[in-house]
Every structure is written in C-alpha cells, then in structure tokens.
Amino acid sequence: MTLLVLILIPLAGALVVGLSPERQAKWIALAWTSLALGAAIFAAFMFDWANPGVIQFSPKNHASGDLTPLLPLVPSLGISISLGADSVSMFLILLTTLLGPLCVLGSFTAITERVKTFYVWLLILQAAMTGVFAARDLILFYVCFEFTLAPMFVLISLYGSTNRRYAAIKFFLYTFTGSMIALAGLVYVAWVYSTIHNGAWSFDIADMQHAALTMSRTEQTWVLFALLAGFAVKVPLFPVHTWLPLAHTEAPTAGSVLLAGVLLKLGTYGIFRFVLPFVPLAVAEYASLIAIISIIGILYAGFICWVQTDVKKLVAYSSVSHLGFCVLGLVALNMVGGAGSVMYMINHGLSTGALFFCIGMMYERYHTRSMNEVGGLARRMPVWSFFMVFFTMASVGLPGLNGFVGEFMALLGTFQSGARTIGAGGTHGPLGPWFAAVAATGMIVAAMYLLYMVGRVVFGPLKEPDHHHAHETLPADLNAREITVLAPLAVLCVVLGVYPSPMLRALEAPVATTIAAAREASSRMAPVPMDSGHAEVALIHDGEASR
Amino acid sequence: MISVMQTIPATLASHAPAAAGAAHAPTAPGDSSAIWLILIPLLPLVSSILCGIYRAWGVTSKLPGYTTVLALAVSFIVTLTGYLSFGGAGVQIVHGFQWLNISWGEAHGQSLTANFSLYIDSLTWLWMLFVTGLATLIALYSTEYMSEDQKNGGYARYFSFFSLFVFAMSCLVMGDNLLLLYLGWEGVGLCSYLLIGYYYTKPAAVAAAKKAFIVNRIGDLGLALGMMLAFVEFGSLEFSEIFARVAEIQATVAAGGHVSWQIEAIPLLLMVGAFGKSAQLPLYVWLPDAMEGPTPVSALIHAATMVTAGVYLIARFLPLFALNPTSLAIVAWVGGLTALLAATIGMSQFDIKRVMAYSTVSQLGYMFLGLGVLTATGAAYHVFTHAFFKATLFLSCGAVMHGFAGQLDLRKLSGLRKLKGWGIVTLAMLVGCLCLAGFPFTSGFFSKDMILAEAFVTQGPGYQALGILALITAGMTAYYSFRVFFRVFCGPVEFHPSDDHHGDSEEEHEAHEDAEGHHGFHPHAPGWAINLVLMVLIVGSLAAAIPYFVDKENHGWVGGLVHDSTAGHLVLPTVAHGAEDAAHGAEAVAHGEGFWSDPHKWMYYVSGTIGFIGIGLAWLIHMTRRTEAATAPIADGLKNAMRPVSTWCERKWYVDEFYDIIFRYPLKILSHLFYLLDQLLVDGLVNFAGAVPRMLGRSLRPSQNGLLQSYAVGMGGGVAVILFIVWILL
Amino acid sequence: MIDTALFAQAAFPELMGGITLYHYLFVSAAMFGLGVIGFLARRNLIIMFLCTELMFQGAGIALIAFSRYWMNATGQVFVIFVLTIAAAEAALALGLVVYLFRRRHTLDAQAWAELSG
Amino acid sequence: MIEKLAQLHPEIALFAATCIVMVLGLAKSSFWRGMSVWVTGLGLVAALVLSFFSPQTDGMLPNSLPYLKAMIAAIGLMILPLMGGTVDRWYERTVGRGASFDPLRVTRGEFYAFYLLSLMGVMLCVTADDLIWLFLALELTSLPTYIMVAMSTPRLRSQEAGVKYFFLGALSAATFLYGFAMLYGATGTTQLQDIAIHFRTEGMGLIGTLGLVMALIGVSFKIAAAPMHFYTPDVYQGAASPVSAFLAFAPKAAGFVVMIQLLSTVGWGWGEHGIALPEALRITLWVIAAITMTFGNVLALLQSNAKRMLAYSSIAHSGYMLVGLLVGPGQGPIAGNGLGAAMFYLLCYGVMNLGAFAVLACLEKRDEHGELVEIETVEDLRGLHAARPGLAWAMTLCALSLLGMPPLLGFWGKLGLFTSGISAGEIGLVVIMGLNSAVAAFYYLRLVRAVMLDTRDEDMDRPALTDMFGRRVAAGLSAVGVLVVVIWAGQLQAASDHATEVNPRIRQFNERVVEAEETPVIESIARND
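Chains as they are written, first to last, in numbering that gives the first Met the number 0: chain A, 0 to 546; chain B, 0 to 729; chain C, 0 to 116; chain D, 0 to 528.
There could be a bad hint or two in this list.
Below are the DMTMM-like pairs computed for lysine to aspartate or glutamate, each with C-alpha atoms no more than 25 Å apart in a straight line [as the list claims (entries may be wrong)]: (1) D:364 x D:453; (2) B:201 x B:143; (3) D:364 x C:113; (4) B:201 x A:465; (5) B:667 x A:309; (6) A:312 x A:363; (7) B:150 x A:476; (8) B:201 x A:476; (9) A:312 x B:682.
No lab work stands behind these hints, which were simulated from the structure alone.
Produce the complete structure using the sequences and hints provided.
The structure is reproduced here in structure tokens:
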C-alpha cells in the first residue's frame, strides 16, 4: 500500500500545483516533493532489510501467501495494479524521490515563465518514474515506462534552449519506437505463459519469469532482441544513443538532471529486471555481443567527449560512456558485476545529476555552455569550482568517492566472469579478462575528457563572455539555495564511496536471484578458455525445451 | 538516503568483517591490534577537512599552516612511538571499518572483502617514518614559503591538499589490502594534480597537472588490472591472504614446480603501475613538468614521498616478483636506462628545478635497479637517504626562487655564497650535492654503493653491463649536481630577478619591483622557518649514513627492517637462469676471496673515484675562467663542439614530442573522426529511418489528386488485382 | 396437379436447351464490366450514374440466373430489393446532379477537383 | 416472428424518433424546430436502453446485439451535441430576425432524420443474418450519409465531397452487391447460417471465394481500407467537422460488423493451429491491413490540414482493427479473441476520434470571403492553450490517446490488438503495427505541440469560439471519456469478447467438420423454410 502512496503523492501534488496561483507554484511543488521524499524514507524504514531479495510492500493473500494484486485492471488479460519492491527497486525509488525536491529547488530562478506547467509536469514525471520501479505487473511497468515520455517531451519542448522542438520530437519518437517493439516482446512472453496455463493470461513478473524459462533458445533470442530494442535505446547503448546529447543540450537543468539521473536507469533497470530473468539462454549466448557493444560505447563516447566544446553535450556523452560500464557489469552474469552495475546506476544518478546542476548554475549566470566563451571560473566562483571538481572526481571514479565502487566492481565482475579456469576468485560467465582490460582503458579516457573539461571551465585564466553583466538576482558565486541543492549530493557521494558495504549487503539477494538463471545457462556452455583470447562460446547442448 | 545508511548497519551488524590477521601470515601475528595507530592516517585527514573549512570561512592568517604542521607532527610522533613499541618482526593488522564487502558463496574465492584497516610491518614503519617526518618539516617550510598567498585564500587551499596528500600516502603505505593501496595510489595522484595545478591561472600549470594525472592514470590502469588478476588468482585482495598463497606457491616452486603464466602476469601488471607513479622510462614525462607547482610540493611529492610509492609497491610484493625473474630483469633494466637517460638530460638543463627533477628520475632509476638486482635493502636505504638529500636540494632551490622573485635559470645567478644571509642555503645545497654525487662517507654514497655492488653480484641477463652503465650515470650525476652548485653558488656575484613571479599575486609584486629598478633589487634572505628546516635536513642527510653502520649483519638498520618484512623472503624459481641457485637476497656469500672478486669491497673505491672525477669535471668546465653568470667559456665551447648531442639532451631527447606524435595527435584526430562519424553515420541513419515514411508519403501523395475518376481507377484497379491474386492463390 | 418444376423445364424446349447458366453469367459479367469501364471513361456525371445502374442490373441478372439454377425464389426476391435500392439511388443521384449543376453549371466530373493532396 | 421483432426494438425506437423529427423539422415555431434535436436524443436514449434487453439471435454473432447496439447508440449520443448547428444555422438566425418562415428552406429536420436513419442502418447490420438484409442495411447506412455530406456546409467543397462520396459509394455498393450475388450463386441461399454450412460441406469453390472476396472489398469501402480509401481525405475535408466525425464512426462500425459476419461464414478453423482463415483469404486480409496502416500513417505525415490528417489517421486505425479481424475469435477463451479486441478498439476509437473533430468544430475563423468558416489547418490551432486551455487539453488528451500513450484509453485498445495478434502468431503484422504507431506518433505530436506548446503572436487572427455550446460539451465528453473509461476497460473488453463469440452452432460445426463427419443435407434444407 505504501508504494501506491508513493506514486499518488506526486500526482496529488501535481493537481494542487495546477490549481494554485503561479507565484506559490514552486513552494508547493517543493513541499509535495519533499513529502514524497519523506514517505520514501519512511518506506525505507519499514522495509525489512534482513531479507532484501523478497518482494515487499505488496499485499499477500493469506491463504497461498503469494502476492495478490492491489486492483485488477483488465482481468481478461490478467493485468492488475500490483506493486512491490525489493532492495534494488527501493534504492532506485529513493534516488528518484531524492532528486525530485532537489530539481524543484534547483530551478527556482531558472524557470520564470509558465512556472506552474513546469512543476505540474515535473511532479507527474516523478510519479511515473516511481511507478516504474515499484511495478510488479508488466503492463503497469510498461504504462509508467511509456508515460515518462510525455512529461519529458513537454519539459524539453517548453523550457529548452534553441532547437528544442527537434530534440523533443526526436527523443519521443526514438524511445517510443523502441518501446513499441519491446512491448511486442513482453506480450510474446505473456502469451507463452497463457499457452502453458491453457489460456489464462497473466502479466505478473513472477509468473512470466517461470513461463519464460520454458521458451526455446530461438524464441529467447527473438525476445532478447525485441526487449533490447526497447531498453538499449533508453540506456543508451552505442548505436542508438544519438538522441541523448541532443535531448540534454536542449533540456532545462531540472529536465537534464532527471533525464540523466533516473530516466537512463529505466533502461538498465529494464535489462536487470526483465532481460536477465526472462531470456537466460539468449543472454548467456549473446552476452559477449552486448559486452562488445557497451565497450565500444565506452571508448567511442569517451573519445567524442574529448573534442566537445559544449559542456552539456560533453557530460551527456560521458553518460553514454559511463552507462556502458553499467551494462557491462550486468552481462558479466556474476554477483560482483551485477551488484556493481546496480551501484553504478545509483552513483551515476547522483554524480552526473550533480554535474548537470553545476552546469545549470553556470548557464544561469553566463547564458552560454560553450567552453570557448567561458573559462577559468575558479577565480570568480570558488565554491562552485569546489563542487564542480568534486563531482568530476566522483564521476571519473576516484576511489573514496561513489563512482569508483560501481566502476571497479563492474570491471572486476567482467574480469572474473569466465575466468573460473584461472583461480578461485573467477566465476563461470560469458566474458573474460580481455573484456575488462579493454573496458578499463575507458578509465583513462574518462580522466582525459573530464580533466579537459575541468581544465577549460574551472581552471586556467579567467575568460567571461563579453556581453556578460552580473546576474540581477544571483550572486557571482553560489547562494545558499544552490548550495543546499549540491550539498546533500556531495555528502551522499562521500558516504556511498566510503561506506557502501551495507548497500552491497542489501543487493546480494536480489542480484543473486536475477542472474541465477542466466549464470546457470552460461556455466552449462563450454567455459571460455582463457588463452583462446577471444570469447568464442561453444555450446555444449542446445537449451531447446519444448513447450 | 542518509537515514537508510543508519538503519542498514543496525540490522546488518551480524556480518562480522572477514577474519583479519589470518593465522598463516608469514611472520608471527602481532599482539592485539593497537587501535590508536589509526591516528596516523586520521590526523592528516582531519587537518585537511579543517583547512577546507578555514578556506570556506576565508581565514587569511597562518592558522591552516600551523594546524597542518601540528597534525603531521603528532602523526610523526605516533609513528615513532608505534615503531619503538611494536617495531619488530611482527605484523600488525589494525581493523578500521568495513569498506567494501560482498559475498556470493562460502568457498574460498567467493567473497570480495576490502576494509579500511592497516597492515603494519617493518617495511611500513620505514616508509611511514620518513613520510610523516619529511611531511612535517616541509609543511613547516611551506608556512613561510606560501605566505604571499594568504590573502587570496590560496594558503588554506594549499594546506588542505597538502594534508590530504599525506592521508592518501599513509593509506597507500599502511593499507591492509590492494584496494586501499589503490585508494591511496589514486588519492596521491589526485593531490599531485591539485597541487601541481595550485597556480591555476597559469595555463602551463593546468596543463602540467592534467598531464600528471593522466599519465598516472595510465599507470593505475596496470595496477588495477594487476589487482583484479591477483583477486582472481588468489581469491582475495588482502595482503595476509595473498602472502599466504604466495608462500604456498613458493613451496611448490622450491620443490621444482612450475608457475602458471597468470601468476607471472601479475608482477608485470603491478610493475606498470609502479613505473607510472615513480616516473620510470615510459611514463616519466609528467615529473619534469610537475615543477610548475610550488617548490615545497615538488620537494615533498615529487622527490620524497609519492614517487617512492612505486618502489614501495615492488618492495612489498617482492616475493611475487621473485616468482617471475623476467619481471625483475625488466625492472632492473628499465631502472638503469631511466637513470642514464635522465642523467644525460639533467646535464644540459638550465632551470635548476628541472635539473633536480631529472636527478630524481635518475635516482629512482637507481632504486628500481636495486630492486631488480634483488637488493631490496639497498633500494629501501637509497629511498631513505634520497628522501632527505633530495628534499634538502629542492628546498634550497625553493629558497633561491623565493629570494630572487622566481628566478631559476643558472645563467642568471652566480656567486650566491658570498651574499649575506644565504650561508645556510649554500651549506644545504653543498651537502645535498655531495650526497647526491655519492661523495665518500655521505649517506648517498653508501646507499648508491650497495645498489651498484649488487648489480655486479646478482646473476641476471646483462647485469654486468647494467652495472657499468650505472657507474657512468653515477659520474654524470656527480657532474650535473656540482655544475648547478658551482654555477649558482660560486663564482662572481651576479643576479637578475625573473619577471614572472610564481603564483597569481603578480599585481603587488610588480609594484614592489619596478620601484626598485634592475640593480636596486636586493634579494630577501630566507626567514627563520626555512633556515630551521634546512638545518634539520642538513643534519638529517648527513645522519642518514648512520643506519648503514647500525645492525651490521643484515646491512644496516634499514636492512633489518626490510629483512623482517614480507620483502625479506625470496625464493627464486631455479629453472629460469644460471647454475647458482642459492636464494641470493639475504646472504650475499662472497664466492671467491681476493679483492677484485668481491664487488662490495672494490665498489667503495671505484664509486668514490668516479664521484671525484665528476666533481672535478664540473669544477673544470664550469668554474675555471668564468667571469659572469651567463657564460662559462669551456662549458659553452664543449656544448658547441658536440652540437647535435647537446641540443638533443637539451631538448629532452624530444620524448614529449614523440609521445604527442604517437599518441595525442592520432587520438585527437580519431576522436574528431568519431564525432563526425557520430553525427553523419549514426545520426544520419536514424534521421534516414525517420525520413523513410516521409519519402514514402511524398511518393504516394499524387494518388490523391482530387479527380473522381482517378479514385475510381484506383479502386477498380485494386479490386481487380486482389481478385486476380485470390484466383491464383486458390 | 402440374409439378411446377416440370412445367418450367417444359417451357424451354430442347431447341433452346443450348443456353446454360454460364451464358447468363457471361452477360451479367459483361454488363458489370461495361458499367465499370463506362464509369471510368465517360466524364458526364449523369452517364457515370447510369453506368452504376448498369452494374446494379448486371448483378440483378446474375441473381435471376442463379435463382433459376438453384430453383428457389430467393434470388428473385433479392432482385426486387435491388431494384428498389437502385431507384432510391437514382432519385438521390439526380437530386444531387441538379443541385451541382445549379452551383457549377457543368456536369463534367473533372470540374470537381478542388480538394486534393 | 414475434421474438424476431424483439431483436429490432432499438431500431423501432429510432424509426419512431425519425418520423417525429421529420415532422417537427417543419414546425412553424422555432421552439418546436429546436426540439427536433432533443427528440433525436430521446430516440437514441430509448434505443440505448432497449438494446440492453435485446435477446440472443441465431445469426453469426448470436450475443453481439446488446454490446454492439449499445455502443452504436452511446457513440451516436456523444456525436449528437456536436451535430447541433450544422445546417441552416443562418436561416434560423434570419427567421429569428423576423423574416417570414418558409418551410421549404428549412433542412434541420431532414438532417437529424438522416442521422437517425443512418444509425438505424448500422443497427440493422448488426441484427442481420441474411444477405438481402445486409445489403439493405448497408445501403440504409450510406445513403443518408451521402446527403448529410452534401448539405453539411453551404460552401462549394461540401458539394464536391458529396459528389465524390456518392459516386464512389455507388461503385462500391455495386461491387459488394455483385459479391453477394456470386455468394448466393455459389450456395443457393442467402441465409448466412446456410451459407456457412454449405461452405462447410461442399467447400467454397471458385465462385464462392471470389464472391466473398468481392463482397469484403466492396464493404471495405465503408471502413476506408486499402484499395477503397481514396475518397476519405477529400470527403472528411469537404464535409463539416461534425459530419466527418459521424462518418469516421457509423459507416466504419457497419463495415466492420458486416465483414465479421461475412468472414464468420467461412470461420477461423483453418491453418495449422486451427484458428486462422483459409490461406487465400488470410493473405489478402494481411496485405490489405498492412497497406491500409502504412498508407494512412505515411500520408498523414505530410498534411498541414488537420481534418485531412485526421482522415488519414482514421484509415490507419481501420488498418489496426483489420488485424483483429484477421486474428478472429482465437482459441483462447478470452484473451486471444481478435474480434473482441477489434470491437473494443472501435469503441475506444469512437470516443477519442470524436474529441479531435469536436475541437476543430468548436473554432471558427473568417476566410478570404469574410464569412465565418470552421478552422482546418494545424496553423489555426497554434497557441490554443493561451485562449482556450480547456479545448487545448481536450485535443491533447485525444491526440495522445489516438497515439496510444499508455494511461489513456487508446493504449488499452491497442494492447488488446497486440495480445490477440501475438497469440494468433501474427507477429510480423504486430511489429508493423508497432512501427506504424511510432510513425503516427509524429503527426499526433505535431497536433499536441501546436495546441499546447506553441505560442501565437497576437497579430494573427485568433480563431473565435462558436456560440454552439453543444460542441464544447462533445469535446469535454470525449476528453473525459478518454481518461475515465479506462477504469471500465476491463469490463468493456470482456463484454466485447463475449459479444464477438462466433455462433457456437457453427463453431461446433466447424470442429465437427474438422473431424470430417458428414451432416445430412436434407436436415439443413428442411430447416430452410
């Protein structure tokens, strides 16, 4: 029930903001998003961390003890509003509800006209995102997954900068097409369920997971590519990433933060929650292909960042590169890789979100994002420079800060997956040390482009755009409001960097259950011979299971 | 999110941290872990945070300086007492808190645990003593040196980064597992980035800082991969577990077993990390540019502590390196060649800080040579002595720079010896140069001698040739160190202040200078803090020779420390090379009597004479018939004589340009290509896919031309076609 | 009592026996085809409407033929309704054509091509 | 005979209302003339109520009467407020100002009569179980619409639309009549039941197949499917928006119901899973569905005129519904039922499409001749949120629902088609449908952006709101429907599944035939009279 409350609070907030006068809109929005954050924290308290793998907060029918849906929506198709969260969903919901108030606070001075519409759609977006992470029913997941498009489309179209219309349309169409194909894949799995249970349809994730295992390898391959079509666009993986830099440069600050902080995680969460459990055989077989794509993404996007002049586009491409690590960890099919990639989702949300806040604050003062026009701001804005360098170091993956934990574990997971023949630390898996070696060079590229940015924007001789005049309301350096936006993120970066073990403990159970099927499938395949160099997978026997 | 952190530990306390201090560590486990040893890394961290807060409050007094000096001094005292009370064969495992642990099974390799805990054995004591000691001295030195920046807030920022550096260095040295070592490793990389880029308004400093961080990152990549391979191979990152496994492997090797190539790969990868951090041949380019930072930074980081991290890493994992003799050979040869190359470049530089930088690279080359030829004691002792005399040299250069408004070119300074108030600086410079040159009975002489001797003793691929090369380099070192001394401190008194003063406080300084005009400029002699530190360092450099005589049987006090630590027990796989299979490291049995047969004996005399020759040459070339600072007739004559070689040396063998051509420019072009590809091909494909429906639409549009009959034709035609198809399909 | 089936058969003496169902179908198909071609070829609205009537009657003939073939009256009942509908359409068509003529003073189908694209 | 009459109660109610409306239309006092709208409404309400009590028939879709007729009456009721003020609004104004009343000039009565007659035609299609009845019902549906289009606006383009619609309608009527004739020729009866049995026993034969295909194509003119779609854009643009809204629903409903009945004579018992149409028919329908979808979406992309864009989108939506027809009742008890999904989608389409046309109908602007004309182009819609936020939100909700944006009604309709499509193994067609709705997203988003996000600089003349309050009610109804009906989506889906169960007797017959057991021919002939 609490999860339903978590979704309804932002919606109610949107309604109230919609009806309130334009002047108070931002304060009411702040109140409601903080209320949502409080509710999320309260839910975290109620969450039984002793067994994080179990789906909690969803009503159980007393007899059979399995989960009953909250409210049947389309009984004939077995669609119902059933919510539930394990620790992974819990953490992602906390991330969403944390970024909510910060976004509202961050855009007090940024948004001046049509303020009410901005906050209405921001709250609707937050509700949709919470819905995605809390959904236990596949169609409810899909409904919220799709519905995040509309608010984002409005935010970019109304409040973006120069060619925002093109960016908004491209963002919407790109993701919409991908998710349409993903819907076909998901419905196929539901249909497989109905053939087993003679016609009774169900879209509940647990049921479909059992049904999916009976699919033959060819079916699983088709479903894998269908689901990937939808989720890869959202992540974004290498070939389908071109919408992200455009959307980021055109989105308002709050839009960018939520887009980078949470919306990209829908893709990786989708892969984590649906691709790994539903199509284990296909994942085990094509894991090396997905790994190669994400590694290309890491290096390709990394090098592109190095030649960017627009700061926001640089950070956008860096998100493409960073999330390559996240997906790499997922397809490593072992505990360290899986937990690493989930940690990465949360850490990337915090550090890149904060980076976008900093860039937004600079943009508010200098109204330019190009590194040619503005530079060496440390002289003018020391506090801002501290935060900028701090979050750059977090996203470069400096040990002691949060970026490192996710990145290192993803790389270690990739290294040890498939290295069972080497030593005790290795595990069965499709990837191998060569993948990790190439991916690790991404750390160097990350250092190159992020320090290039910091070197141009923060350090170096002071350079300000000629038409620059002091901003009427904002002081040269950060004011109290802006610091209260960045401070919690900074503290979290340090806390998650220095003391992540309780979180890792909580992630063990859900990651284990999710990758169990895929890991077992990949271990049945011939172990990847270490010295063969390339990860060529020889299939012992076909996973053909007749339906 | 924060509250979640509090709730989770409450319910998760049940997961006890992995058993620390595993029973089968090579040496007997220390008694109960002394929790107060945690203070050593903690105090610098606290002072770093405090200085950060001072900066936020805009403190302009010397308070940050004094807080840092106090914190580091207490930390040094704790180290000293810790050493005195525990210093022995034992290994202390002091457990801090759980940093990173996740487990996916009960078996040996199925859990990744990395805690904030300390692994303290004698090697750690050695390192921590001179790290905290020198850090305190240099911090005191910088309180005065950095005084000009108090007003613009740079002062607090400097000391915050300074103490953060010491924290990172102590994590590196005292870390209980490879991950904490990696944290320290990247932490010192970060601090060197921040400190080199301290004068961030100067583009050269920013570029140098970026270069340092990225080159270090390349080294860190090797370390990271080595760490991962170690985890996969040994099932854990903790030193106690790793050394236990290594002990088992040593047992099999001793019994003639064969070492798998994965284990042999680990030292090769760790070596790359060491070369990156300690500025060895392929990755040394960042150290000379690091001189852009303030001089105390160069003294502490780029001479005494950070650059020795690489040496510490190899010393710590020497048993692992010993399993793969080729890795040791590579270390030796890389060390030797770096020493030679750096010495040749050092001879032709005019900026005295650059000379000192290249001499550091060269001396580090010696240390790696020492490790390569299995004399961990020699290497460690050279690290110890080098830390002192190099710090002295740098700080005296700093005093000169401080006094002459940033002037560092030896062609613009001469005869400082005779100026009032510069006595201590001259003495410090003299002692430093003597130790560096390896003048007999100085600390440098003994430590370098042990390394040179070992080069001739240990059997290894071409080690004799390497020894001779090292001797030639020793000669060059003597030459260039005294070249600087004679040109700057001796000869006719003459000085020209440089125009660009370091740091961003140019405004006040210009006013100060033009008022005085060229000749009216009188250098301001160093204050009490600088002189005090220099005096202590002079005593320290000279005293560094004493440990050689203490505890004679295992090569001095330092040898004793090294022997008790993990670096002490070496087992060489017999298969690799040479008939002589005795574990060489410890005993160094002199296999023949006679004077010439025992390198240790004749090395004293040979290296001593080479030192003299070097100094004599320097006197001859740079002192005789030199009337003014700018030109030294013989030196200039010699330089023109070997025109191509000298210019190559001066241009640092064009290594930087070579790297640019091989790496930077191609990568730049590649990334521009990628960006173009991204916009045209990848985006183009997407836009094309978007345009297909539009094109299809445009082609179908004429079908709707508004004419009634054309619609009828369309309909009739459609019906006919469909009927025809159905008719065929039937 | 005369058996109606026989009577019908008798009405077509052997001489005319040669005309079978398929002749009628051919005629109706021909009429239908001509109707379509006429609709496409001629430009005058009234002629076009007559062509649709032609197609309706074509269908009518087919119905009559089948009714005869299947020996039941359903076909013919159907034709009666077809005729009524054809009449209704005729009324509507002529009303429309007159209305158009008053607006555009031409009966050419090409005149009505404003809406397109 | 009596129980047969019981099935026609709703039609009778409508017919009664028609007669009253005809008379009222000519009444001298403008009050009574005004009442004709309310009587129409009353008739529709009566029909709606009576349709719930309609019994089971023994036609092809035995229990389809309550659901389908209620749907037709309900959507008819939603369109009715939109219809107000379409015809002789000016004449009423002149009479209001004292001009002498001339009964010949007043057309409002006939207009509503035609409206009711057309709806009655659709209902008759639903109850039809005989070819002749089908033919008459179809003609009854389309003839009134020809006239409504021609008289909808005094402008020249309505006459042009009327001409095109009438002539091409006549052409298609001739086609499906010929098809019916051949069907009668092949089977000897016009009862759908007997045709089905005949096809079962003697198989379809050449004439039977060609007849069925010709009938299907002829009827597909009503739903504007591929070869017969040419008239749609010109007619929707020419006619007044309310009439276009009506055209988008009533003939389409009639067309789909007739096609379902025709297809069920053949039955879906073929194919290797035993749930598909005969191969030839399946491929034809597959091709028609794919082409219709693609034509509709692709041509709509280029449109700057909103009405033409909505016309093309109605073609596309017919394509989507054809997928449901192709799938047939499916073998799953509920979820795999394509027909149910198609009929539920028809209901959703009726609700959401109405809103879009209603918003267009609400706004007027002066054209070059200075007279008040309905707005048409997307350009006119720009910046609507500033002037009329209510209408802007209505258009946004309807456009997003037409696009298939999840929480709204359109998504649940499309989801039904997705699940049934995939359960019948038509994955190729489902993916085409997915891609098509992505292409459709482009032009619906253009509508949303024009209405919600663009700003209008003041100098351009802002379209004024018409004084017809009814049109805003219709827009509001549709917007609310799109949001609120989602709650009953489950029940409605189940009802439409139940409604589209193909006649069990035929179904068992299909199964029995599959076991190739012979039924005595005599028994079927005996039942004939």
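Now the hints, each set against the structure:
1. D:364 x D:453: Given that 25 Å is the threshold and the Cα spacing comes to 19 Å, the pair holds.
2. B:201 x B:143: holds (22 Å)
3. D:364 x C:113: Roughly 20 Å between the alpha carbons, so the hint for residue 364 (chain D) and residue 113 (chain C) holds.
4. B:201 x A:465: holds (21 Å)
5. B:667 x A:309: The given pair, whose Cα atoms are some 17 Å apart, holds under the 25 Å limit.
6. A:312 x A:363: holds (17 Å)
7. B:150 x A:476: holds (18 Å)
8. B:201 x A:476: holds (22 Å)
9. A:312 x B:682: holds (15 Å)
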